[in-house]
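Asks: The primary structure of each chain is shown beneath.
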Amino acid sequence: NAGVMQNPRHLVRRRGQEARLRCSPMKGHSHVYWYRQLPEEGLKFMVYLQKENIIDESGMPKERFSAEFPKEGPSILRIQQVVRGDSAAYFCASSPPVGGADTQYFGPGTRLTVL
Amino acid sequence: GNSVTQMEGPVTLSEEAFLTINCTYTATGYPSLFWYVQYPGEGLQLLLKATKADDKGSNKGFEATYRKETTSFHLEKGSVQVSDSAVYFCALKSFGNEKLTFGTGTRLTIIP
Numbered sequence: 003n004a005g006v007m008q009n010p011r012h013l014v015r016r017r018g019q020e021a022r023l024r025c026s027p028m029k030g031h032s033h034v035y036w037y038r039q040l041p042e043e044g045l046k047f048m049v050y051l052q053k054e055n056i057i058d059e060s061g062m063p064k065e066r067f068s069a070e071f072p073k074e075g076p077s078i079l080r081i082q083q084v085v086r087g088d089s090a091a092y093f094c095a096s097s098p099p100v101g102g103a104d105t106q107y108f109g110p111g112t113r114l115t116v117l
Numbered sequence: 441g442n443s444v445t446q447m448e449g450p451v452t453l454s455e456e457a458f459l460t461i462n463c464t465y466t467a468t469g470y471p472s473l474f475w476y477v478q479y480p481g482e483g484l485q486l487l488l489k490a491t492k493a494d495d496k497g498s499n500k501g502f503e504a505t506y507r508k509e510t511t512s513f514h515l516e517k518g519s520v521q522v523s524d525s526a527v528y529f530c531a532l533k534s535f536g537n538e539k540l541t542f543g544t545g546t547r548l549t550i551i552p
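Chains A and B are the protein sequences, given in the same order.
Quick note, in our numbering, the first sequence goes up one by one and the last residue is 117.
Quick note, in our numbering, the second sequence goes up one by one and the last residue is 552.
Calculated directly from the structure, the hints in this document are not laboratory data.
Bear in mind the structure is a predicted one, so any value in this text is a computation, not a measurement.
Incorrect hints may have been included.
What the hints assert, rightly or not - Short derived list, chain A residues pointing at chain B, Cβ under 8 Å:
1. 59
2. 63
3. 67
4. 70
5. 106
6. 108
7. 110
We put the CB at the ideal spot given by N, CA and C, even for glycine.
Isolated chain A (complex conformation):
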């Protein structure tokens, strides 16, 4: 049973470009969470999605960041016009329809570097 998959594992962008991070949840999981880890800091919650719905985006920056979890395909975290401060590790987690955060399973992360 494959775990949570994220790609790419490493992403390099120049300032002003767009970054797209993908997350495929575990089989049978319909809840997806995105977290960001800045250097030397803990993970910070960004957004919680269910299929085709954003449930909680209280941790998302107000501009340039967006997330989606379509009916088919992976969840996408999109960062437009990246800046150096966006350099971080972005982790995705998934959970089944019941159980909540007690059963969040994390992917290996995407490490974004903005030059």
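Starting from the known structure of chain A, arrange chain B on it as the hints suggest.
Replies: Then chain B, alone, in the frame of chain A:
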């Protein structure tokens, strides 16, 4: 708001030493508490959890007890191994809120 404060790292111990990593929290109500572990190059794995006061979570020789009176959830292991080298994160989840609040992580290195 919710917050988690973890022992500053890095922590370096010899094999078979006793381990304690301190974790204290601030939250409304009675949160669930967790320890996650991150091995090099991998994602976070749930190590153990406790959902109410005085519960003890345990896994792979690690233990942590939910102490409401001191708002703490310290991680302990009696005899560490080289394979325990990793980064350890303390986290909490409030009732009715699906997001996890993490501490900054403690890097643990065990030397033979």
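Asks: Please check whether residue 106 of chain A passes as an interface residue: C-beta within 8 Å of a C-beta belonging to chain B.
Replies: holds (7 Å)
Asks: Given residue 108 of chain A was flagged as interface, is its beta-carbon under 8 Å from a beta-carbon of chain B?
Replies: holds (4 Å)
Asks: Min Cβ distance, residue 63 of chain A to chain B: is it shorter than 8 Å?
Replies: For residue 63 of chain A, the interface hint is violated, since the closest Cβ of chain B sits about 16 Å away, which is over 8 Å.
Asks: Going by Cβ atoms only, is residue 110 of chain A closer than 8 Å to chain B?
Replies: holds (4 Å)
Asks: Grab the minimum C-beta distance from residue 67 of chain A to chain B and call the hint holds if it beats 8 Å, violated otherwise.
Replies: violated (16 Å)
Asks: Go through the hint on residue 70 of chain A and say holds or violated, using the shortest Cβ distance to chain B against 8 Å.
Replies: Violated: closest Cβ of chain B sits about 18 Å from residue 70 of chain A, beyond 8 Å.
Asks: Does residue 59 of chain A meet its interface restraint, that is, does its C-beta lie within less than 8 Å of any C-beta in chain B?
Replies: Since the shortest Cβ distance to chain B is 11 Å, the answer is violated.
Hints 1, 2, 3 and 4 from the earlier list are contradicted by this structure; the remaining hints agree with it.
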